[in-house]
Amino acid sequence: MNRISWNQYFMAQSHLLALRSTCTRLTVGATIVREQRIIAGGYNGSIKGGTHCIDEGCYVIDHHCVRTIHAEMNAILQCAKFGAATEGASMYVTHFPCLQCTKAIIQAGIVKIYYANDYKNHPYAIELLEQSGVETEHVPFDPKALEPLLSPASEQGYKS
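Mapping to full-length UniProt numbering: the sequence shown position 93 is 93, numbers consecutive.
No lab work stands behind these hints: they were computed from the structure. Small disclaimer: the values here were computed from a predicted structure and weren't measured. Any given hint could turn out to be false.
[As the list claims (entries may be wrong)] Derived SDA-like pairs (lysine to any residue); straight-line CA-CA distance at most 25 Å:
# : residue 1 : residue 2
1 : K103      : D118
2 : K120      : K81
3 : K81       : D62
4 : K81       : T27
5 : K81       : D118
6 : K120      : D142
[Claimed, not checked] Taking CB as the label site, the calculated pair distances span:
#  : residue 1 : residue 2 : range
7  : Y59       : K103      : 20 to 26 Å
8  : P148      : Y124      : 38 to 44 Å
9  : N2        : E137      : 28 to 34 Å
10 : D62       : N121      : 16 to 22 Å
11 : P123      : W6        : 19 to 25 Å
12 : I126      : P148      : 33 to 39 Å
13 : Q36       : N121      : 23 to 29 Å
14 : E127      : D62       : 19 to 25 Å
15 : E56       : A85       : 24 to 30 Å
16 : I38       : L149      : 16 to 22 Å
17 : G88       : T51       : 32 to 38 Å
18 : T24       : N2        : 35 to 41 Å
19 : I126      : T51       : 23 to 29 Å
20 : L16       : Y119      : 16 to 22 Å
Glycine is no exception: its CB is placed at the ideal position from the N, C-alpha and C atoms.
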């Protein structure tokens, strides 16, 4: 039986989280991992109890949807809320983090970012990551590659 790599496993989790996104501009998911264990996840969406973009449209100011909290921030805030340390952790994210999320990731003590897709990779974000010693690694992700492993008819798939 073939198993997916840890990188593919955690990246799949981030893509699954992205399916919960309520922003129509871009669906993003983020998973924070420490010692091969998921400690938090997040997706981009509105504040708890707030109006969602999917219901009333995006609230855009200066080309940014200000109604939305980014997936990376939501994951970091989950750690803060529930007391999970982020120092030395890694983050798997569906898209390269924006500048503001990059700063939060650095301040949270996250040491490595795995991302599946480039998305407006800000030069200053890249510079800050390099200055702070946070590593980045592109992890291509194709959900179709997992289909044979998920199929009930597959000899590679789950057996009960």
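Verification of the supplied hints:
1. K103 to D118: It holds: about 17 Å lies between the C-alpha atoms, which stays within 25 Å.
2. K120 to K81: violated, 29 Å
3. K81 to D62: Measuring from Cα to Cα gives roughly 30 Å; hence the hint is violated.
4. K81 to T27: holds, 23 Å
5. K81 to D118: violated, 29 Å
6. K120 to D142: This hinted pair holds, its Cα atoms lying about 20 Å apart.
7. Y59 to K103: 20 to 26 Å: holds, 22 Å
8. P148 to Y124: 38 to 44 Å: holds, 41 Å
9. N2 to E137: 28 to 34 Å: violated, 22 Å
10. D62 to N121: 16 to 22 Å: holds, 19 Å
11. P123 to W6: 19 to 25 Å: violated, 30 Å
12. I126 to P148: 33 to 39 Å: holds, 36 Å
13. Q36 to N121: 23 to 29 Å: holds, 27 Å
14. E127 to D62: 19 to 25 Å: holds, 22 Å
15. E56 to A85: 24 to 30 Å: For E56 and A85 the Cβ distance comes to about 37 Å; the hint is violated.
16. I38 to L149: 16 to 22 Å: holds, 19 Å
17. G88 to T51: 32 to 38 Å: Distance hint for G88, T51 holds at roughly 36 Å.
18. T24 to N2: 35 to 41 Å: holds, 36 Å
19. I126 to T51: 23 to 29 Å: violated, 33 Å
20. L16 to Y119: 16 to 22 Å: holds, 18 Å
Violated hints, listed in ascending order, are 2, 3, 5, 9, 11, 15, 19; each of the other numbered hints is respected by the structure.
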